[in-house]
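Mapping to my numbering: the sequence shown position 87 is 87, numbers consecutive.
No wet-lab data here; the hints were simulated from the structure.
Among the clues, some could well be false.
[Claimed, not checked] Below, simulated DSSO-like cross-link-like pairs (lysine-lysine); rule was C-alpha separation at most 30 Å, straight line: (1) K27 / K11; (2) K106 / K194; (3) K11 / K194; (4) K164 / K27.
Since we're looking at a predicted model, the values are computed, not measured.
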Amino acid sequence: MGGMMLEALTKPNSFFGRKIHEDIEWKTPIAIIALVIVVKILSSLIVAAGAIELFENVPIVDGMENFASSMMIIWFVISIFTTIIGTLLWWLFYSALFYIISSIFKAEGDFSRVMEFVSYGLLPNIFRSVIEVFYGNKLLLMLENGINDPTLTTDAMLSDPVMKVVPLLMIIFTLWSGYIWMYGLSYSRNISVKNAAIAVAIPVVLSILYTLFEYRIFLMG
Numbered sequence: 001m002g003g004m005m006l007e008a009l010t011k012p013n014s015f016f017g018r019k020i021h022e023d024i025e026w027k028t029p030i031a032i033i034a035l036v037i038v039v040k041i042l043s044s045l046i047v048a049a050g051a052i053e054l055f056e057n058v059p060i061v062d063g064m065e066n067f068a069s070s071m072m073i074i075w076f077v078i079s080i081f082t083t084i085i086g087t088l089l090w091w092l093f094y095s096a097l098f099y100i101i102s103s104i105f106k107a108e109g110d111f112s113r114v115m116e117f118v119s120y121g122l123l124p125n126i127f128r129s130v131i132e133v134f135y136g137n138k139l140l141l142m143l144e145n146g147i148n149d150p151t152l153t154t155d156a157m158l159s160d161p162v163m164k165v166v167p168l169l170m171i172i173f174t175l176w177s178g179y180i181w182m183y184g185l186s187y188s189r190n191i192s193v194k195n196a197a198i199a200v201a202i203p204v205v206l207s208i209l210y211t212l213f214e215y216r217i218f219l220m221g
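Go ahead and model the full structure; you've got the sequences and the hints to work with.
What follows is the structure, encoded as structure tokens:
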């Protein structure tokens with residue numbers, strides 16, 4: 001299974017070209033979604049643990065340490081449910097969106113096949129989660145260093161070149177997903193790669209624009 005995922009990440013054209021002649025199977029797609037969910041939850045746990053440690057070790061308003069730690073625990077528990085539901089909904093959303101948009105090009109193929117192939121395009125999200133852990137811990141470190149001087153923390157974040165690299169990496173992973181989806185949609189809906197690229201481009205571009213907006217303070221700083 002690991003070999004299949006690696007081939008989907010690096011050689012999506014040949015991978016989907018072979019998979020389209022096989023029966024639809026849900027074992028691997030479900031495993032991919034489960035892996036994405038687990039990695040996201042673990043990344044949230046690492047960031048939450050770092051935040052709790054910060055609240056316990058850094059002197060803040062009396063009585064706020066326990067409250068802040070409790071809030072982080074509650075946030076983590078909620079994030080477990082939102083991650084599970086959210087990942088499943090995004091999988092369904094992207095599949096439905098690609099299926100609908102590709103219909104403009106007189107596409108063929110079952111929705112179930114589209115869902116199967118779209119799952120492979122979510123694999124780069126694993127790397128996104130790793131970067132988000134680094135990003136979250138970097139923010140916590142800056143917050144700890146500048147806890148008594150908020151302007152120092154802001155200046156440090158805006159001037160740190162690493163914080164400018166993070167959104168660029170996020171965009172690369174989004175483009176990577178789009179690259180996989182392009183071939184997956186081409187084979188699953190029996191349309192040209194060009195038309196598949198057009199169908200995939202819409203949500204990918206919107207995702208990139210959202211990333212630029214989310215990290216605008218670092219890119220413009």
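**Violated hints, by number in ascending order, as checked against the structure** = 4
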